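> The primary structure of each chain is shown beneath.
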Amino acid sequence: MRQRPGPEELERLAAVMLGGAMLPEDPKARSYEQRLAAKALSIAAYDREHGAADLAEEIALFAALYGEEIVIRVHPDDSVRIAALNLGLVDQIRAGVWDEPTTALKDLLMMQVRARLARTNPKYLKARLPGN
Amino acid sequence: MDQAGRTALARWLAAAAGVDDLRLVSLDKLSGGAIQENWGLTVEFGGERRDWVLRTDAPSGVATSHGRAHEFALLTAAHDAGVTVPEPLFLCEDVSVLGKPFYVMARAAGRAEGHVLVRDAAVLAAGDALVERLGHELARIHAIAPPRDDLVFLPMPDGPPALSRIATYRRYLDEMPDPNPPLEYALRWLERHAPESRAITLCHSDFRTGNIMIDDTRITGILDWEFASWSDPMEDVAWFCARCWRFGNWQREAGGIGSRDAFYSGYEAESGRAIDRAAIPYWEVMAAVRWAVIALQQGERHLSGGEESLELALTGLRAPEMELDALLDIAAIEAGAAP
Chain A
1 MRQRPGPEEL
11 ERLAAVMLGG
21 AMLPEDPKAR
31 SYEQRLAAKA
41 LSIAAYDREH
51 GAADLAEEIA
61 LFAALYGEEI
71 VIRVHPDDSV
81 RIAALNLGLV
91 DQIRAGVWDE
101 PTTALKDLLM
111 MQVRARLART
121 NPKYLKARLP
131 GN
Chain B
1 MDQAGRTALA
11 RWLAAAAGVD
21 DLRLVSLDKL
31 SGGAIQENWG
41 LTVEFGGERR
51 DWVLRTDAPS
61 GVATSHGRAH
71 EFALLTAAHD
81 AGVTVPEPLF
91 LCEDVSVLGK
101 PFYVMARAAG
111 RAEGHVLVRD
121 AAVLAAGDAL
131 VERLGHELAR
141 IHAIAPPRDD
151 LVFLPMPDGP
161 PALSRIATYR
171 RYLDEMPDPN
181 PPLEYALRWL
191 ERHAPESRAI
201 TLCHSDFRTG
211 NIMIDDTRIT
221 GILDWEFASW
231 SDPMEDVAWF
241 CARCWRFGNW
251 QREAGGIGSR
261 DAFYSGYEAE
271 SGRAIDRAAI
281 PYWEVMAAVR
291 WAVIALQQGE
301 RHLSGGEESL
311 ELALTGLRAP
321 EMELDALLDI
331 AAIEAGAAP
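Taken in sequence, the protein lines are chains A and B.
1 is the number of the first residue of the first sequence in our numbering; add one for each residue after it.
1 is the number of the first residue of the second sequence in our numbering; add one for each residue after it.
Next comes chain A alone, as it looks inside the complex:
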């Protein structure tokens, strides 16, 4: 489930921060505000390129955890479905249902974190998990 804000909001915030100015091509020449805007735009670009694939992978891992039929029945819309699945999982974790975590749960949690980091800080992801 993608962490907010999404690409439209990030692009809007970047546009407000840049105030119509162009980003300098040389990253070293950028001011603090320009660096923030560049970061927002890079995350938005990631969303547009990988957002759908990340969502599909997450749903597939929920299917591995719960069974495909259960996941399909949650809701026909993928974005509503993934929110409902995550809400349900959080309740289960807190209630102790997953105190003996299965490989499927560990895979799902790690995928969620990997996908968020690939989006927001790929450098950190590569440093902590070489090969990603």
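In short, the hints are calculated from the structure, not lab data.
This one's a predicted model, so the numbers in the text were calculated from it and none came from an experiment.
Don't take each hint at face value.
Unchecked claim - When the alpha-carbon atoms are kept at most 30 Å apart in a straight line, the in silico BS3-like pairs for lysine-lysine are as follows:
| # | chain 1 | residue 1 | chain 2 | residue 2 |
| --- | --- | --- | --- | --- |
| 1 | A | LYS39 | A | LYS123 |
| 2 | A | LYS126 | A | LYS106 |
| 3 | B | LYS100 | A | LYS28 |
| 4 | A | LYS39 | A | LYS126 |
| 5 | A | LYS39 | B | LYS100 |
| 6 | A | LYS28 | A | LYS39 |
Given the structure of chain A, go ahead and fit chain B onto it with the hints provided.
Frame of chain A; chain B shown alone:
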């Protein structure tokens, strides 16, 4: 601050200092401080100039931070216990002066920015000696134990401090609309493995690189006491060593500055007590969860519509760094491979 505010401040400072010739030479807002506002001021009286810092509330704070009067009491208790802190000078709770409470302390020389210090050649050359001294500083803080009449405003944890923290972080997560299974998993793991704390002491609760003023290689002040609490002292030890506060200098496990052994050695020499090494990896998972929750709270300030800010939105998006740290640290502990 407008001229009327400056005049009122100068008049109040003169009375507090017990002098009649105090002149406010300069007053400048200092950078940083999302929760507090810091002003650098220079005053002159008795023929001498003095550099002070005035600390007051920022327009938007974090719910758990102490008010200025409490922070002044904490700073005073630490100063009296021999901790290197800026000398606390005056507290003003009369809101007619500046419109909000404030206090004044001596200005410590040096710099505190974590990302700068962990790349400073002089700091790194003296890294082990510095963190050993920081171990002494932290042990002096932990020598302050309840009950204390001057710190009665600090609530005692109701049961093991770890469980109290977990309840707090869950409450914060519940205030946010988006579910976070990795953090919930880490919190549940923390709940199931919560240690029985051996002692409850005063904890700074934000003792880390970035909140420590260093001048060349000299520690000049432990700053930012607004989160201080009665807790398990190992929580502070782990917060200082947690990966998220090494500012990318991961090999130097004590604050990105020096070795864990040197830090522990200073702490143990000062306190006369052994660090509970088995408990530290647990508390480092807690540290990762805590910083992730704080980052999400900052992001939520934007997402909720309360304060539009790209900076806050991007701070929220840093949470996955700590989520990954928490998951990897838990896996390492379970595999018996924790540091």
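> Hints first: check each against the structure and report whether it holds.
Against the structure, the hints:
| no. | hint | in the structure |
| --- | --- | --- |
| 1 | A/LYS39 <-> A/LYS123 | holds (13 Å) |
| 2 | A/LYS126 <-> A/LYS106 | holds (19 Å) |
| 3 | B/LYS100 <-> A/LYS28 | violated (41 Å) |
| 4 | A/LYS39 <-> A/LYS126 | holds (17 Å) |
| 5 | A/LYS39 <-> B/LYS100 | violated (37 Å) |
| 6 | A/LYS28 <-> A/LYS39 | holds (14 Å) |
In terms of the numbered hints stated before, the structure departs from hints 3, 5, listed from lowest to highest.
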